[in-house]
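Visitor: Chain by chain, the residues run as shown.
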Amino acid sequence: MAATKETYSEAMKRLEAIVSRIESNELDIDQLGSQLQEAQKLIKFCREKLYKADEEIKKILEEGKTPEEK
Amino acid sequence: METNNRSLSLVELNALVRRSIRTCLPDEYWVQAELSDVRSNYSGHCYLEFVQKDTKSNALVAKARGIIWSNVYQLLKPYFERETGQAFVSGIKVLVKVTVDFHELYGYSLTVVDIDPSYTLGDMVRRRKEILRRLEADGILTMNKELELPELLQRIAVISSATAAGYGDFCNQLAHNAFGFVFYPKLFPAVMQGDQVEISIIAALDKIYASGIDWDAVVIIRGGGATSDLSGFDTYDLAAHCAQFPLPIITGIGHERDDTVLDLISHTRVKTPTAAAEFLINHQRQTAEHLEALALFFAESLPDRIRREKERLERCVSRIPSQVQMRLQRETFRQERLGKRMEMAWQTRLVREQYRLQVEQRLMSAAGRRLEQEQHRLQLLEQRVQAASPEVLLKRGYSLTLKDGKAVTDIAQLQAGDEVETRLAKGTFRSKVL
Chain A
1 MAATKETYSE AMKRLEAIVS RIESNELDID QLGSQLQEAQ KLIKFCREKL
51 YKADEEIKKI LEEGKTPEEK
Chain B
1001 METNNRSLSL VELNALVRRS IRTCLPDEYW VQAELSDVRS NYSGHCYLEF
1051 VQKDTKSNAL VAKARGIIWS NVYQLLKPYF ERETGQAFVS GIKVLVKVTV
1101 DFHELYGYSL TVVDIDPSYT LGDMVRRRKE ILRRLEADGI LTMNKELELP
1151 ELLQRIAVIS SATAAGYGDF CNQLAHNAFG FVFYPKLFPA VMQGDQVEIS
1201 IIAALDKIYA SGIDWDAVVI IRGGGATSDL SGFDTYDLAA HCAQFPLPII
1251 TGIGHERDDT VLDLISHTRV KTPTAAAEFL INHQRQTAEH LEALALFFAE
1301 SLPDRIRREK ERLERCVSRI PSQVQMRLQR ETFRQERLGK RMEMAWQTRL
1351 VREQYRLQVE QRLMSAAGRR LEQEQHRLQL LEQRVQAASP EVLLKRGYSL
1401 TLKDGKAVTD IAQLQAGDEV ETRLAKGTFR SKVL
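Quick mapping for you: the protein sequence lines, in order, are chains A and B. Read in order, the letters of the first sequence correspond to residues 1 to 70 in the numbering used here. Read in order, the letters of the second sequence correspond to residues 1001 to 1434 in the numbering used here.
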């Protein structure tokens, strides 16, 4: 659980880092393409976290139920 | 027996007491007291005890039986509970208007005719302040507020009564949010009313902590009932547990007017369970907006940037010939300007040199004239010197007399018998003075 949670924050951090590198002109034009590709992957990942129910998480929550709740 | 004749029956005595009390205490009186042993029966009348405790030892110092007749109690109880958010139960302090009564059979009692909820509210505020002061002294008052809400707020541990409508509304609202955000709420049931609130919520928090699941936040909600007893949320132990809980706590315990201690120490306080759901949805919306802003940057700004770079390059390429031409023109112009400047410099120099030459010539001619003058002066001097020469005088017929080689100019220099020498233009002769 901790891993997936951190991955969202990490993905956001990576996205922010790419933005700031681009904005400060640290990247030359050759690198822009590959960075754009990575950013799109990260965005897709984050969107899925927000909008797509994760069956695995649901299952873990079910398992976390106390006996009297089952 | 005389005494027997003068004696009263108990009912007579009690009637006397009743009449005396009625006579001496005919008014209605406002009384501060603590409620004890509050109970109402099938007929709707409320029977209770009013007590006063010693502020230090907490020992009872006064007690009186009380009664609230059904017709009064039906209005008084909901009014009091609505105003204070506090159930009309034992243990709270009240300010009530009473008549003092005595009944031959039931004895002394106070009949309640009115109540002032603001007194109880004041007392509750004092108690809350005291709890907050303790929490602050312990350094834990703002601990929960200082926690940061995670960007992704999805796994929600909910403390609520399973049967309460509020919990259903909360889940419903989360599940059907307009943005399609995913939430994972899970109920940790607790008693949300009465004196079990504290123990029950603390137990639920312990369960959440021990669940081994990485929750994003805890939501404590209660809803439904119109008036209710919130005093359970105003305890030190509950506040201390919640303040120090390692997850942000969001409260929506459904009290419009007053903040309970739990509300005050929680990370975020909203009014109702639906408002709590709204808060979570809103938080996710901000998270999503943040993500979309980044997405927009990559979807639009970056390709735009690449396009602009290309355009810049093309512009550079197309500008090269014109650049060269411009440079040539500039160079030509520069050369011309340089030539002109040189010519002007030469002319200036020429004028200066000519002037210098003139000055030199003037100097030269002035010097020549001076030389001539000097030569002429010399000639005059020479002439004058020559004119003054003794040879010239001698030639004119003058003579020079010398005595012992020195010129004689005064007769006093001579005595009789002195030998003198006389020099002429041509030759000399010697003679003796007579």
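If you are wondering where the hints come from, they were derived from the structure by calculation, not from laboratory data. Since the model is a prediction, treat every value here as computed from it, not as a measurement. Keep in mind that a hint or two might mislead.
[To be verified] Examples of chain A residues lying across from chain B (beta carbon under 8 Å, computed):
(1) R21
(2) I22
(3) L32
[As the list claims (entries may be wrong)] Mimicking EDC-like on lysine to aspartate or glutamate, the simulated pairs with C-alpha atoms at most 20 Å apart in a straight line are:
(4) B:K1186 to A:E26
(5) B:K1207 to A:D54
(6) A:K58 to B:D1214
(7) B:K1053 to B:D1123
(8) A:K13 to B:E1372
By construction, the Cβ of each residue, glycine as well, lies at the ideal position given by its N, Cα and C atoms.
Visitor: All the hints need checking, so say for each whether the structure fits it.
Guide: Now the hints, each set against the structure:
Restraint check, A:R21 versus chain B: the minimum CB separation of about 11 Å is more than 8 Å; hint violated. Hint on A:I22 holds. Least Cβ distance to chain B is approximately 7 Å, under the 8 Å limit. Given the 8 Å rule on beta carbons, the hint for A:L32 holds: about 6 Å separates it from the nearest Cβ of chain B. This hinted pair does not check out: B:K1186 and A:E26 have alpha carbons roughly 46 Å apart, beyond 20 Å.
Distance restraint check for B:K1207 and A:D54: the Cα-Cα separation of roughly 23 Å exceeds the 20 Å cut-off, and the hinted pair is therefore not satisfied. Between the alpha carbons of A:K58 and B:D1214 the distance comes to roughly 13 Å, so the proposed pair stays at or under 20 Å and holds. Annotation: proposed proximity of B:K1053 to B:D1123 holds, straight-line Cα distance about 15 Å (limit 20 Å). At roughly 105 Å between alpha-carbon atoms, A:K13 and B:E1372 are farther apart than 20 Å, so this suggested pair is violated.
Consistency with the previously given hints fails for numbers 1, 4, 5 and 8, ordered from lowest to highest.
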